[in-house]
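S.K.: Chain by chain, the residues:
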Amino acid sequence: MKRCLVVISILSLLLSGCWSRRELNELGITFALGLDEGKNGNVRVTAQMVDPGMIAEKTGGGGSDSPVTNFSEEGKTVFEAVRKITKDSPRKVYPAHLRILIISESLAKKGIGHILDILSRDWEVRSDFLIVIAKKQRAEQILKIATPIEKIPANSMYQSLTITSKVWAQSSAVVLDKLIQEIVSKGKQPVLSGINIVGNIKEGKNITNIQNITPNTYLKFDNVAVFHIDKLIGWLNDDESKTYNLLMNNVFDTVVNIKCPSGGKAVIEIIRSKTKIKGKVVGDKPNAKVVMNMEGNVGEVECNIDLTKPHSIAQLEKVFKQQETAVISKSIKDVQRKFQSDIYGFGEAVHRSNPKYWSKVENDWDKQYFVNLPVDIKINIKLRRVGTIGNSFMQPLRK
Amino acid sequence: MGLFRKTKMMSKVLKTNEGYLSDSEHLLKTSLRENLEIIKDMVGNSSDIKIREFHIGQDRQIPAALFYTESMTDHTAIQNFILEPLLLDAWNTDLIQDLMNGRHLFEILKDLIAVGDVKDVTNFEELIFELVSGNAILLVDGYPQALLMGIRKLTERSVSEPTSQSVIRGPQEAFNENISVNTSMVRKRIRDPDLRVETRTIGKMTKTSVRMLYIKGVANDKVVEEVRLRLRRIDIDGIIESGTIEELIQDQTYTPFPTVFNTERPDVVAAALLEGRIAILVDGTPYALLVPALFVHFFQSPDDYSQRSDIGTLLRLLRFLTFFITLLSPSLYVAITTYHQEMIPTELLISLAAQREGAPFPAFVEALIMEFTFEIIREAGIRMPRAIGPAVSIVGTLVVGTAAVDAGIVSAAMVIVVATTAISSFVFPIYSIGIAVRMLRFLLMCLAGSFGLFGITIGLIMLVLHLCSLRSFGVPYLTPLAPFIASDFKDSIIRITRWKMTTRPRLLNQKNIIRQQDPALAKPEPPENNP
Chain A
1 MKRCLVVISI LSLLLSGCWS RRELNELGIT FALGLDEGKN GNVRVTAQMV
51 DPGMIAEKTG GGGSDSPVTN FSEEGKTVFE AVRKITKDSP RKVYPAHLRI
101 LIISESLAKK GIGHILDILS RDWEVRSDFL IVIAKKQRAE QILKIATPIE
151 KIPANSMYQS LTITSKVWAQ SSAVVLDKLI QEIVSKGKQP VLSGINIVGN
201 IKEGKNITNI QNITPNTYLK FDNVAVFHID KLIGWLNDDE SKTYNLLMNN
251 VFDTVVNIKC PSGGKAVIEI IRSKTKIKGK VVGDKPNAKV VMNMEGNVGE
301 VECNIDLTKP HSIAQLEKVF KQQETAVISK SIKDVQRKFQ SDIYGFGEAV
351 HRSNPKYWSK VENDWDKQYF VNLPVDIKIN IKLRRVGTIG NSFMQPLRK
Chain B
1 MGLFRKTKMM SKVLKTNEGY LSDSEHLLKT SLRENLEIIK DMVGNSSDIK
51 IREFHIGQDR QIPAALFYTE SMTDHTAIQN FILEPLLLDA WNTDLIQDLM
101 NGRHLFEILK DLIAVGDVKD VTNFEELIFE LVSGNAILLV DGYPQALLMG
151 IRKLTERSVS EPTSQSVIRG PQEAFNENIS VNTSMVRKRI RDPDLRVETR
201 TIGKMTKTSV RMLYIKGVAN DKVVEEVRLR LRRIDIDGII ESGTIEELIQ
251 DQTYTPFPTV FNTERPDVVA AALLEGRIAI LVDGTPYALL VPALFVHFFQ
301 SPDDYSQRSD IGTLLRLLRF LTFFITLLSP SLYVAITTYH QEMIPTELLI
351 SLAAQREGAP FPAFVEALIM EFTFEIIREA GIRMPRAIGP AVSIVGTLVV
401 GTAAVDAGIV SAAMVIVVAT TAISSFVFPI YSIGIAVRML RFLLMCLAGS
451 FGLFGITIGL IMLVLHLCSL RSFGVPYLTP LAPFIASDFK DSIIRITRWK
501 MTTRPRLLNQ KNIIRQQDPA LAKPEPPENN P
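Protein chains in written order, with this note's numbering: chain A, 1 to 399; chain B, 1 to 531.
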């Protein structure tokens with residue numbers, strides 16, 4: 001009996017071992033996936049695979065060859081197309097290290113819910129990649145553009161979007177989990193950043209493009225796409241994008257131009273911003289209140305103002321408050337009117353404060369209630385520092 | 001107590017084996033000639049055994065013979081303290097008067113001979129044993145007994161620095177091959193009448209003296225009795241090194257982990273005795289054994305106690321961490337790169353993948369080759385003649401490092417992993433725990449190579465179960481971790497400050513567990529009135 005057990009355990013070790021073993025050089029490490037509309041309602045998948053040997057080139061002289069290779073296939077489903085790629089590629093797509101997923105605008109307009117299923121279901125895919133929309137462009141084309149500095153286009157896009165959404169606040173870094181959660185939620189609609197090609201596409205495809213000091217063709221993150229459920233319905237402009245990000249607490253650091261009380265310009269760098277959205281139901285009418293607590297620095301002064309006086313700071317704060325309140329309330333109103341899609345999550349705030357009321361209105365929220373929702377905006381700003389100099393050195397000259 | 005049940009049966013067996021020394025047929029004869037014949041017959045005319053025949057007494061009437069082993073005896077002592085009194089000074093009238101008055105000749109001889117250790121021997125077995133141990137034997141015609149004179153003088157290595165267990169601060173002397181010197185080194189550290197030394201002779205041919213040292217009242221009586229029984233149980237032709245004893249008395253043979261502690265440092269032995277452990281010294285080897293030995297003991301260095309407690313604790317934690325690094329790093333590398341690539345940070349994955357481009361072997365085989373090569377170099381480093389040491393290390397570095405990578409046989413990352421493992425495996429203060437890790441590493445690598453992290457987890461679970469099942473002289477091996485003894489944590493994986501160490505570790509229930517009184521009194525404080 002004992003001997004039998006030993007034999008069985010040894011056999012199980014020898015026979016079943018190495019089941020799902022894959023060596024690193026058998027993996028087609030895929031950094032980016034692009035999804036486009038194909039022919040006859042098919043979906044066209046573009047996978048950008050990395051050639052590790054090209055990137056980790058020790059000796060110089062690299063750069064003549066591309067560090068990545070794109071493979072495109074069409075299929076009725078995403079999975080089918082991804083598997084078809086093995087026909088062209090020597091290695092199987094390994095999507096665990098996916099950095100970015102690009103969906104073409106035309107596909108997004110028809111709805112993205114069904115294509116996200118495989119990405120959330122497959123165990124190889126991690127959910128920390130960013131999702132962007134190729135604005136007026138095919139995702140396949142975007143992936144063909146060679147990028148400067150960061151050699152892998154997918155990495156370049158990933159880095160660029162992460163950093164710009166933190167310090168410029170006009171685009172939004174959205175990962176899979178968040179997107180799916182917002183598609184499902186009735187009180188908060190999703191948005192995705194848009195990406196665009198600037199310059200000549202044909203030239204951009206060539207690796208020589210990035211050998212110029214100023215590349216003629218490059219990729220640019222631009223504005224934010226508004227969704228209703230899983231369908232793209234429009235694009236936010238710069239102010240609206242920024243407002244969206246401030247309200248969503250996505251902003252780590254951004255800059256705002258304001259008018260000085262005495263004319264001229266000044267720049268406030270917002271170093272901390274915390275927004276609270278509260279919903280309330282008064283009588284039978286919902287309303288929302290937005291409280292923004294900000295801290296900022298005086299970043300640039302191009303006007304006549306004496307910063308050594310405390311009341312000048314108070315003046316600047318006042319101007320900032322007035323100006324931003326106006327911009328934000330206009331942006332919110334525009335979104336309510338144009339898109340009728342609650343991207344700010346006011347619905348969820350109402351849901352939290354009054355679940356009973358919410359269950360009555362949730363199905364008609366976007367079309368009936370969100371559109372006319374009164375939003376009260378309150379901004380608190382504290383200017384902390386004025387930088388390494390007090391008054392502008394131009395100050396004495398201006399007098 | 002269940003732990004000791006086994007040994008009761010053993011003690012029955014023992015009694016039948018004993019007693020070959022006290023055979024009545026081998027008593028000395030009265031006639032010197034007869035005795036000489038028998039002894040010559042027993043030692044087979046060995047050329048290093050010298051027999052000096054002479055006559056003693058007033059008129060040189062009494063035939064006598066002196067036996068000694070030339071190579072092991074102090075010649076000056078024979079000359080000055082035995083032969084000279086016997087043959088020249090001796091026979092003044094007082095003594096002869098005594099003899100006439102019926103006083104026993106051997107009593108008179110004892111007054112004559114100026115040697116400290118003198119003893120009567122009546123049988124051949126003991127006589128021969130003492131003879132080959134280097135003592136001189138005097139036989140006198142007409143008396144069925146012999147006089148033994150302890151004038152043994154052996155060539156011995158002087159006390160030198162420890163070679164395999166060195167410290168930064170602390171005593172720099174190590175045991176040598178002489179058991180009396182070794183005992184003295186312990187005795188001089190603990191000058192207490194309760195330090196007991198029990199000597200027994202083990203080995204039918206080597207007749208090696210083995211000493212068991214413990215502090216009565218501090219060491220657990222049951223463990224002392226257990227050690228005594230296990231030593232008595234040994235029935236073997238020879239003991240060359242304490243390793244033989246270790247193998248014969250350890251609780252479990254089939255385990256990679258050592259359950260007997262070995263040290264060449266007298267200060268370690270002294271400290272262990274104070275904790276209530278038992279030391280076994282073996283003649284002819286500088287390595288003493290300490291029992292019971294627990295898992296945590298193998299991570300403790302005397303430096304932990306001679307340096308401050310904070311660095312002592314941190315270094316101990318470092319050693320435990322190193323234990324896991326040595327054990328796991330090659331297997332984790334294999335498991336993660338072949339099964340769980342999604343766990344590697346993206347940039348690292350790219351650089352690892354780049355190194356593996358064109359690598360001919362799977363990561364597992366690569367790891368095996370490298371670990372195997374390292375083991376070869378390591379073994380060669382120990383065995384080779386010292387003069388060619390540098391040559392081997394150069395070749396080793398080249399083969400394992402640069403050349404293997406340049407030739408594309410292994411990836412550079414693998415060299416880093418193997419090198420880290422190699423360096424880590426030398427951290428342990430006691431060599432024998434390093435051996436355990438060395439062997440288990442390969443087992444875990446096989447599990448990692450065939451099942452990935454799942455296999456490693458299974459391996460570690462099995463390892464923990466195995467460790468929990470181990471006992472060292474009845475004490476659970478993982479004490480104080482499992483069974484959990486909170487008060488013993490003060491000196492286990494951490495080392496708290498001295499004045500808080502008020503009790504001895506509870507290796508089974510001890511009576512005398514107080515080390516020092518109230519910690520509040522022991523806590524060092526500045527005087528109240530500062531001058």
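Misleading hints may appear alongside valid ones.
Chain B side only, calculated, beta carbon under 8 Å to chain A, not exhaustive [as the list claims (entries may be wrong)]:
id : residue
1  : ARG157
2  : ILE336
3  : THR337
4  : GLU342
5  : ALA353
6  : GLU357
7  : PRO360
Derived by calculation from the structure, the hints in this document are not laboratory data. All residues carry an ideal CB built from backbone N, CA and C; glycine is no exception.
S.K.: Next, verify each hint and record whether it holds.
M.R.: Hint check results:
Violation of the interface hint for ARG157 of chain B is found here, the shortest Cβ-Cβ separation to chain A being roughly 48 Å, above the 8 Å cut-off. Violation of the interface hint for ILE336 of chain B is found here, the shortest Cβ-Cβ separation to chain A being roughly 10 Å, above the 8 Å cut-off. At a threshold of 8 Å, the smallest CB-CB gap from THR337 of chain B to chain A is about 5 Å, leaving the interface hint in force. The closest approach between the C-beta of GLU342 of chain B and any C-beta of chain A is roughly 3 Å, which is under the 8 Å cut-off, so the hint is satisfied.
Annotation: ALA353 of chain B was flagged as interfacial toward chain A, and the flag holds, the nearest CB pair being 4 Å apart, inside 8 Å. A distance limit of 8 Å between C-beta atoms decides the matter here; for GLU357 of chain B the minimum to chain A is near 4 Å, and the interface restraint holds. Restraint check, PRO360 of chain B versus chain A: the minimum CB separation of about 10 Å is more than 8 Å; hint violated.
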